[in-house]
Amino acid sequence: MLVIPHSVRRMANKATSRFTTFFCFLALSTISSAQEINGRPDLNGVWQTLSTANWNLLTHGAGKGGNDDIGVFGAIPPGGGVVAGNEIPYLPEAAERQAQNFASRWTADPEINCYLPGVPRATYMPYPFQIFQSDNHITFAYQFAGAARIINMGEPTEPPLESWMGWSNGRWEGDTLVIDVTGFNGETWLDRSGNHHSYELHVVERYTKLNDYMMAYEAVLEDPLTYSRPWTINLVLYRLPQDQIMEFNCIEYSEELLYGDLRKQVDE
Amino acid sequence: MSRKKIISTLSALIASLISSFGAQAQDIPRTSWGAPDLNGIWTNGTVTPIQRNPGDPEYWTPEQALAVEEAAYSRRVENDRFVEGQVGSYNAAFFDLGLKTVPSLRTSLIIDPPDGRFPELSENGRQRQQEARTFLDEHLFDGPETLQLTERCILFGGAAAPMMPEPYNSNYQIVQTPDHVSILAENGYAMRVISLSRDEHYPENVEQWLGDSIGHWEGDTLVVTTDNIKYDRYQSYYGVMYNAPTSDNIRVVERFTRIAEDSIRYQATVTDPDIYTAPWTIETFFAPHEGPMLEYACHEGNVGMFNMLSGARYEESQATNQ
Numbered sequence: 003m004l005v006i007p008h009s010v011r012r013m014a015n016k017a018t019s020r021f022t023t024f025f026c027f028l029a030l031s032t033i034s035s036a037q038e039i040n041g042r043p044d045l046n047g048v049w050q051t052l053s054t055a056n057w058n059l060l061t062h063g064a065g066k067g068g069n070d071d072i073g074v075f076g077a078i079p080p081g082g083g084v085v086a087g088n089e090i091p092y093l094p095e096a097a098e099r100q101a102q103n104f105a106s107r108w109t110a111d112p113e114i115n116c117y118l119p120g121v122p123r124a125t126y127m128p129y130p131f132q133i134f135q136s137d138n139h140i141t142f143a144y145q146f147a148g149a150a151r152i153i154n155m156g157e158p159t160e161p162p163l164e165s166w167m168g169w170s171n172g173r174w175e176g177d178t179l180v181i182d183v184t185g186f187n188g189e190t191w192l193d194r195s196g197n198h199h200s201y202e203l204h205v206v207e208r209y210t211k212l213n214d215y216m217m218a219y220e221a222v223l224e225d226p227l228t229y230s231r232p233w234t235i236n237l238v239l240y241r242l243p244q245d246q247i248m249e250f251n252c253i254e255y256s257e258e259l260l261y262g263d264l265r266k267q268v269d270e
Numbered sequence: 256m257s258r259k260k261i262i263s264t265l266s267a268l269i270a271s272l273i274s275s276f277g278a279q280a281q282d283i284p285r286t287s288w289g290a291p292d293l294n295g296i297w298t299n300g301t302v303t304p305i306q307r308n309p310g311d312p313e314y315w316t317p318e319q320a321l322a323v324e325e326a327a328y329s330r331r332v333e334n335d336r337f338v339e340g341q342v343g344s345y346n347a348a349f350f351d352l353g354l355k356t357v358p359s360l361r362t363s364l365i366i367d368p369p370d371g372r373f374p375e376l377s378e379n380g381r382q383r384q385q386e387a388r389t390f391l392d393e394h395l396f397d398g399p400e401t402l403q404l405t406e407r408c409i410l411f412g413g414a415a416a417p418m419m420p421e422p423y424n425s426n427y428q429i430v431q432t433p434d435h436v437s438i439l440a441e442n443g444y445a446m447r448v449i450s451l452s453r454d455e456h457y458p459e460n461v462e463q464w465l466g467d468s469i470g471h472w473e474g475d476t477l478v479v480t481t482d483n484i485k486y487d488r489y490q491s492y493y494g495v496m497y498n499a500p501t502s503d504n505i506r507v508v509e510r511f512t513r514i515a516e517d518s519i520r521y522q523a524t525v526t527d528p529d530i531y532t533a534p535w536t537i538e539t540f541f542a543p544h545e546g547p548m549l550e551y552a553c554h555e556g557n558v559g560m561f562n563m564l565s566g567a568r569y570e571e572s573q574a575t576n577q
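Top to bottom, those sequences are chains A and B.
According to the numbering used here, the first sequence is numbered sequentially starting from 3.
According to the numbering used here, the second sequence is numbered sequentially starting from 256.
Just so you know, the hints here were simulated from the structure itself, not pulled from any lab data.
One or more hints might be untrue.
Quick list of simulated restraints, FRET-style, between CB atoms [to be verified]: (1) 328(B) - 258(A): 43 to 51 Å; (2) 478(B) - 259(A): 25 to 33 Å; (3) 392(B) - 255(A): 24 to 32 Å; (4) 177(A) - 326(B): 49 to 57 Å.
Remember, it's a predicted structure, so these values are computed and weren't measured experimentally.
Backbone N, C-alpha and C fix where the C-beta goes; we use that ideal spot for every residue, glycine too.
The task is simple: from the sequences and hints, build the whole structure.
Structural data, given as structure tokens:
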């Protein structure tokens, strides 16, 4: 449906001919709008958060890193949390598990091995991701480890199997893209501080453009095996002034750690 | 302006805007912004070989093509037999090339050189190939770096340019926007991003396994140039698909044309003057695939790497002990 902006109406009143108005207007409407794709807000572009949530979802001070050899490169930066109420409501056993994870975080975090980060962690890693939104299809590509998600925008379907990045069913609620994610394999962590979940994790994400450069992101997490109630992550995503994500295939950088002890030993 | 002149000017403007994507193939699906629609899940699996078998004509008759497909099916059934005492390997259930020859009825995927076979390697290409063979003879299984890119889960052939049919999971999800075309390859679950807005490739110091792809529309054909390709000195670029080394000068130009509701014609020309004496071009066709696409978390589940390396170390220790 064509909506004639007020500015054009004013121009039309001044113009001597209604045909001139229609002519200008037709020209504008056949050019792809930067604001909408097929009637929906255009979320295309490269986005990234500015928080330190990947270190710790909860508010945290600075801390020592896990490797003295690289000094400050490995240190933990301080940052405000992104969790409503600044608390993750763990069940008692899950809270113990988180403490154990925290104690072993410099070796046990799957991110160290370049493993797929899962959802929602992929959203707040310190690397950009790109949204590709066509008329009826949406897909996400994350720079870290080349992680990717297909968002099913048709009738919702059940996950046929468990996966690292989960199974995503998407829909529009007004101007908000809502993505319902299930089918996780429970192998990912939520951050570098050992916050975790099980294969029963259910995430509902909401992406809402605030303006051309900012998008509000909300993720509600529930997991009856891990948390006593649902809890919420809120953060802002910023548009990067770059055309696309680049390739961060980190597998090569994890091979020494994963397989170094299986190398052939060469006698000196 | 007179009313008549306004109407004719308006008509001319509408006509030129509509024809900006080319006036051919009016019946192919288009996106809301008028581009030929490449969106969807597609597969390029085929039983047509990459190179023409010596003695084959350039094209099969429909009857000959059918015979080829039936032979492929028989081979698959034959290979699927269980053999007592054998550990077993890839079988009919695993390979998934489909059962069809390419719809053009060509007898090879290579359409240029005209004999349907890879061009000769240059002197340098042959030296590089010999160097690779020597190195792998001495060092295979020394460590992860001596194994194929596919075995390391770093790169599978279908994800990169040129898109050769993969032995299995040769399925691709294309999501196309006004400024980008994203191609997610199921085998290895790798996402290649084609930019429609950049003019220049990244500087030389940026190398990516998937290269850097920049595309533009020429009429209804998407033309994509890929540069900045990272490669392994001793491994062939595509791992299992064919065995030839790669140089810094490799460049690929692809052409995607949606020719029908159920077909995208794909051509890719590879130029590598340090390795090959001539460019070579393949042609394949993408057909719709029902899907869904499934996550292939290769690296996360790479027990093969652990098994190969620890197996090699064990064999060495046994040899030393004897």
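Now for the hints, and whether the structure bears them out:
no., hint, in the structure
1, 328(B) - 258(A): 43 to 51 Å, "holds (45 Å)"
2, 478(B) - 259(A): 25 to 33 Å, "violated (41 Å)"
3, 392(B) - 255(A): 24 to 32 Å, "holds (28 Å)"
4, 177(A) - 326(B): 49 to 57 Å, "holds (56 Å)"
The structure shown violates just one earlier hint, number 2.
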